[in-house]
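Chemist: Use the sequences and the hints to build the structure in full.
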Amino acid sequence: EPEVTQTPSHQVTQMGQEVILRCVPISNHLYFYWYRQILGQKVEFLVSFYNNEISEKSEIFDDQFSVERPDGSNFTLKIRSTKLEDSAMYFCASREVPGGNEQFFGPGTRLTVL
Amino acid sequence: GIQVEQSPPDLILQEGANSTLRCNFSDSVNNLQWFHQNPWGQLINLFYIPSGTKQNGRLSATTVATERYSLLYISSSQTTDSGVYFCAVGNGYSTLTFGKGTMLLVSP
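As given, the protein sequences belong to chains H and R, one line each in that order. So in the numbering used here, spot 45 of the first sequence is number 45, and the numbers just go up one at a time. So in the numbering used here, spot 72 of the second sequence is number 186, and the numbers just go up one at a time.
To be clear, the hints were calculated from the coordinates, so they are not data collected in a lab. Small disclaimer: the values here were computed from a predicted structure and weren't measured. Be careful, since some hints might not be right.
If you only want the chain H side, here are some residues facing chain R, beta carbon under 8 Å, derived [stated by the list, open to error]:
(1) Ser48
(2) Asn51
(3) Phe91
Ranges between beta-carbon positions, derived for each pair [what the hints assert, rightly or not]:
(4) R:Ser189 <-> H:Ser66: 43 to 53 Å
(5) H:Pro70 <-> R:Thr167: 23 to 33 Å
(6) H:Arg80 <-> R:Trp154: 44 to 54 Å
Glycine included, every Cβ here is placed at the ideal spot set by N, Cα and C.
Modeler: Here it is as structure tokens:
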């Protein structure tokens with residue numbers, strides 16, 4: 001069964017460093033999402049991406065964040081200058097368009113900012 | 115935006131017991147998903163159930179969209195069922211809004 005994959009599974013970085021989180025969505029899916037979950041809290045929406053552009057973003061998704069689909073398979077989230085409060089679990093999701101509304105989630109990347 | 119409330123916030127069960135988790139939402143939706151977050155933090159997709167009833171082994175779910183709630187049933191619980199259960203809802207092509215989750219602990 002096809003699945004969303006994410007790399008790395010765990011990333012440790014120093015405050016102020018740039019990080020890139022990578023996702024490979026399901027191959028025939030065209031709508032992509034990033035969510036994050038701070039430890040002990042609920043999952044929150046960051047950004048959605050369709051047709052090579054951002055379709056919606058939350059207040060959390062400020063100028064420090066950017067997303068890109070650099071090729072036909074990868075979908076990346078870049079944090080330019082990490083802060084301590086960026087420490088969280090980051091989930092990528094994808095959805096088939098058209099088709100259903102179900103979103104398929106990857107296993108997540110745990111980001112730790114020291 | 116849509117508000118999602120899950121109850122109970124915490125639940126402790128003996129192995130073999132049954133349980134019902136509830137998700138209430140504030141607006142009409144056409145996407146509702148239940149997830150189980152395992153101890154490693156991974157979100158495991160349990161059900162896509164914007165309406166109706168589905169069953170998968172010991173788990174089943176029912177969504178009554180007109181009354182804006184969904185129920186997740188766990189029967190004959192096992193210690194591996196422990197973790198946090200999230201309900202998430204959405205409208206159209208929009209994002210998912212998650213509830214705060216129900217933390218389930220199943221003791222042997």
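Chemist: Are the hints correct? Go through all of them and say.
Modeler: Structure-based check of all given hints:
no.: 1; hint: Ser48; result: holds (6 Å)
no.: 2; hint: Asn51; result: violated (12 Å)
no.: 3; hint: Phe91; result: holds (6 Å)
no.: 4; hint: R:Ser189 <-> H:Ser66: 43 to 53 Å; result: holds (45 Å)
no.: 5; hint: H:Pro70 <-> R:Thr167: 23 to 33 Å; result: violated (42 Å)
no.: 6; hint: H:Arg80 <-> R:Trp154: 44 to 54 Å; result: violated (28 Å)
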